[in-house]
Every structure is written in structure tokens, then in C-alpha cells.
Amino acid sequence: MFIELFLKECKQILKSLTYLIIVAFIILFYFTQFDSSNTVVKPKEGLESYGSKYSDDKNVIMRESLRGLVYEYSANSYIAYPIGFYKTVTLKEENQVKIKDIIEEITGLPIDKVEKLSRNEIFPVSSISYEQFEGLMEKADKIIGGGTDYSKKMLHKNAIVPMTYEEALEEYNSLLYDDRITNATARLFSDYMGIILAILPVFLAVTRSLRDKRSLADGVIFAKKSSSVNIILSRYLANVVMLLLPLMIIAIFPTLECNYLGDIVGIKADSLAFYKYIFAWLLPTILITTSVGFFITELTNSALAILFQGGWWFVSIFMSVNNLVGNVGMNLVPRFNSEGSYHVFEKIFNELVLNRITYSILGILLILATVFVYEAKRKGRWNKHGKIFKNKQDGILA
Numbered sequence: 031m032f033i034e035l036f037l038k039e040c041k042q043i044l045k046s047l048t049y050l051i052i053v054a055f056i057i058l059f060y061f062t063q064f065d066s067s068n069t070v071v072k073p074k075e076g077l078e079s080y081g082s083k084y085s086d087d088k089n090v091i092m093r094e095s096l097r098g099l100v101y102e103y104s105a106n107s108y109i110a111y112p113i114g115f116y117k118t119v120t121l122k123e124e125n126q127v128k129i130k131d132i133i134e135e136i137t138g139l140p141i142d143k144v145e146k147l148s149r150n151e152i153f154p155v156s157s158i159s160y161e162q163f164e165g166l167m168e169k170a171d172k173i174i175g176g177g178t179d180y181s182k183k184m185l186h187k188n189a190i191v192p193m194t195y196e197e198a199l200e201e202y203n204s205l206l207y208d209d210r211i212t213n214a215t216a217r218l219f220s221d222y223m224g225i226i227l228a229i230l231p232v233f234l235a236v237t238r239s240l241r242d243k244r245s246l247a248d249g250v251i252f253a254k255k256s257s258s259v260n261i262i263l264s265r266y267l268a269n270v271v272m273l274l275l276p277l278m279i280i281a282i283f284p285t286l287e288c289n290y291l292g293d294i295v296g297i298k299a300d301s302l303a304f305y306k307y308i309f310a311w312l313l314p315t316i317l318i319t320t321s322v323g324f325f326i327t328e329l330t331n332s333a334l335a336i337l338f339q340g341g342w343w344f345v346s347i348f349m350s351v352n353n354l355v356g357n358v359g360m361n362l363v364p365r366f367n368s369e370g371s372y373h374v375f376e377k378i379f380n381e382l383v384l385n386r387i388t389y390s391i392l393g394i395l396l397i398l399a400t401v402f403v404y405e406a407k408r409k410g411r412w413n414k415h416g417k418i419f420k421n422k423q424d425g426i427l428a
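Its first residue numbered 31, the sequence shown is counted upward by one per residue in the numbering used here.
Warning: the hint list may mix true and false statements.
To be verified - Heads up, simulated DSS-like pairs for lysine-lysine below, C-alpha to C-alpha not over 30 Å straight-line:
(1) Lys172 / Lys83
(2) Lys182 / Lys146
(3) Lys306 / Lys88
(4) Lys83 / Lys187
(5) Lys122 / Lys187
Stated by the list, open to error - FRET-style restraints, in silico, Cβ to Cβ:
(6) Ile279 / Asp242: 28 to 34 Å
(7) Asp87 / Ser157: 15 to 21 Å
(8) Ser257 / Glu161: 55 to 61 Å
(9) Ser104 / Ser301: 53 to 59 Å
Bear in mind the hints are in silico, worked out from the structure with no lab data behind them.
Just so it is clear, the structure is predicted and the values come from calculations on it, not from any experiment.
The beta carbon of each residue, even a glycine, is placed where N, CA and C say it ideally should be.
Hey, can you work out the whole structure from these sequences and the hints?
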């Protein structure tokens, strides 16, 4: 019975206009935003530039962060991303005085002398520790309103330094032998696809849940012998599988491209990398987003799930704008917008695993809760407005 229901749901989804639009959007997003055709070129000695990187040298972080703060103080124009959007902040005089005090404490000089120095002449006083510096910069971030590069998490972004030949060569070798090319590209693929998969599945789930209600088919379905578990889980699994399908087909293209690059440089690329990342990285996002759609729609008999998921998506995306490489935490959309950076991925791997497992479990729990709500409706405990009935007969008549 379950297999029959599942296959029926898949066929209905395949004919759904909502699904076709979602697939078209996924394909369009992939071909317009994602580029897997990057060539892998071994760096040569003697070049003027090998790119740049974030330094983890605390002295460099302190120096460059301080210089940035002095520059913005002098112009009274601070760059911030309080909710993910770019914003320039102009402080009132009282807050400018607070920033001045911070600069003077860090430099050990009065502000008028600091402003006369060239950028390369500005340094923190030698007696200040990195922990003290972090605290003062965190204070500056709060005065400005948050979302700046002076917060504890973002200080490293101020310390951009040129890569040396040795560092560029190390990055190249890591891409080849640690990531086998394909894994690095698959992470970038997951980063991009995760953005849209945190919102699109909710539309398919809501459309499916409301379809029977609009056609007044609920009464017929409630009377059928199929269990609530079979009905809801077959719908849920069909949604998940049909959303995975276009991803798995699209993944063929970058896999072939990466294999071709591997042949050129003489390594065997990981042909299964994209599929491993689809199931380990992207599937949990589909699970939770689809569950939210089914649960809230079944609970409210409305499209409220789209509004809820849209808000969650907005917060998740734009709160990570300042850190696109290795931003995980409990964010619905883990970010890793870099092709390479294997050493960063190693550091956040356990955090990413915990994040993905958590959302997978939450998605499963939500769909089980949906089964409970659906079963309650079949037994007449809720009417179409969600109110609890006193007896089963009233519920059936509603």
C-alpha cells in the first residue's frame, strides 16, 4: 500500500505546475550562479601576485583592524551589515566620543596625533593584549550597532595579506590530493544549492497539502483504509525524492568537468563526491523545509508555512553575509563559498555534521507531528478551522 501511494504521489508531483517551476528555477540558478569550469593551474615562482588570504597572525589582525577603525572614525562613516544588508552608519557625537576613547586606549595616543599619522604608521600600543583588544573592538562594534568587522568573530576579515608562492602551492596541492578536485567543487555546489533549497521545497509541500482541501477531497481520504502514517509519509517521501532528482541529474555535469580536469593534472577525481554532498549536506535542508511546509499547513489549513519559512530563510541567508566560508553554527543554510580552503573545512567539519544531523532529526520529528495532526483530523478532533470537537461525529460532519 505504501509503495502504491508513494508512486502515485510521485506521478502527481511530476505533473504539478509548482514542481515544474521549482525544477526550472533550480536549473536556472545552477547555470547562472555556479561555475564548475575553473581550471586548476599550478602556481609558478616569480609571479607578482598569488592572491590573498586572511591572516591568523594576531599582530596583523590587531594592526589592520585598528587602522580600519581609525579611518572610519575620521570619516564618521562606518560600514556595517546589521541584518545582512550593506549599511553606512554615521554616529552621533556622544558615540563618536566613545569610539575616540577606544582608539586612544588601543594606540596610547591622543586622537589628534593618531589622525595625523599615515595608515602605515598606526599601531596598537605594545602593552595591550589580544584579549583586551578583542574586548575593546567588540565594544566598538556594539556602539556602531553591530554587524561590523570589529566583532570578535569578524576581526580576522580585516587581516587580508598576500599569499606567498609556498602558500599558493600548498593550496594547489590540497585541492588536488586532499579534495581530489571534485570534493572542493561539490562543497561550492552545496553552498549555492543550499540557498534555494532552504525555501523552494516549502512551496511544493504547501501546494500538495492544500490541494485536497481545495478540492474538498479530505472527507473521502479520511474515510479510506490507508493509515495516516502511510498517507503522510508517502507524500513526504515523494516530495523529498522528487526534489533530489533534479539535483542528482544536474550533478552529472560538474562531475564530468571535474573528472576531465583530474585527467589533465594526473589525478583520479572523486566521481561520487557530488552525490555524497547532496545526501549529506543538502538532503537535511530538504527534509526540514519540506516538513515545515507539511506541518504548518496541516495544522493551520493555510499557506502560513510559506511566510514562516520565508522569514527563517531570510534570517539564515543574510545573517551569514559577513562570513561566507565556514559559517555553520546552527544556521539552516551552512555557507562555504570557496572552491578549496580544505583546512577551513576540516576545522568546521564536526560542527557541520552536528548541524546536518540536528536538522534531519528535526525534520523527521516534524513530519511525525504532522501524522499526529492528520490522524486527529481523521478522528474528528479538529474541524477545518483547527478547533477541537467534543465528539467524533461532529468532526466527521464538519
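Original post:
Does Lys187 lie within 30 Å of Lys83 when you go C-alpha to C-alpha?
Top reply: Holds, at roughly 9 Å.
**OP:** Note whether the CB distance of Ser104 and Ser301 lies within 53 to 59 Å or breaks it.
**Re:** The hinted range 53 to 59 Å holds for Ser104 and Ser301, with Cβ atoms some 55 Å apart.
Original post:
Holds or violated: are the alpha carbons of Lys182 and Lys146 at most 30 Å from each other?
Top reply: At roughly 28 Å apart (the allowed maximum being 30 Å), Lys146 and Lys182 satisfy the hint.
**OP:** Quickly compare the C-alpha distance for Lys306 and Lys88 to 30 Å and report which way the hint goes.
**Re:** violated, 37 Å
Original post:
Falls inside 55 to 61 Å, the C-beta gap from Ser257 to Glu161?
Top reply: Once the Cβ atoms are compared, 59 Å apart, the range 55 to 61 Å for Glu161 and Ser257 holds.
Subject >> Consistency of beta-carbon spacing, Asp242 to Ile279, with hint 28 to 34 Å >> reply: holds, 29 Å
**OP:** Would you check the hint for Lys122 and Lys187, treating anything up to 30 Å between C-alpha atoms as holding?
**Re:** holds, 26 Å
Original post:
Straight-line Cα separation of Lys172 and Lys83 no greater than 30 Å?
Top reply: holds, 27 Å
Original post:
Would you say the C-beta atoms of Asp87 and Ser157 sit inside 15 to 21 Å of each other?
Top reply: For Ser157 against Asp87, whose Cβ atoms are near 19 Å apart, the range 15 to 21 Å holds.
Checked against the numbered hints given earlier, this structure breaks only hint 3.
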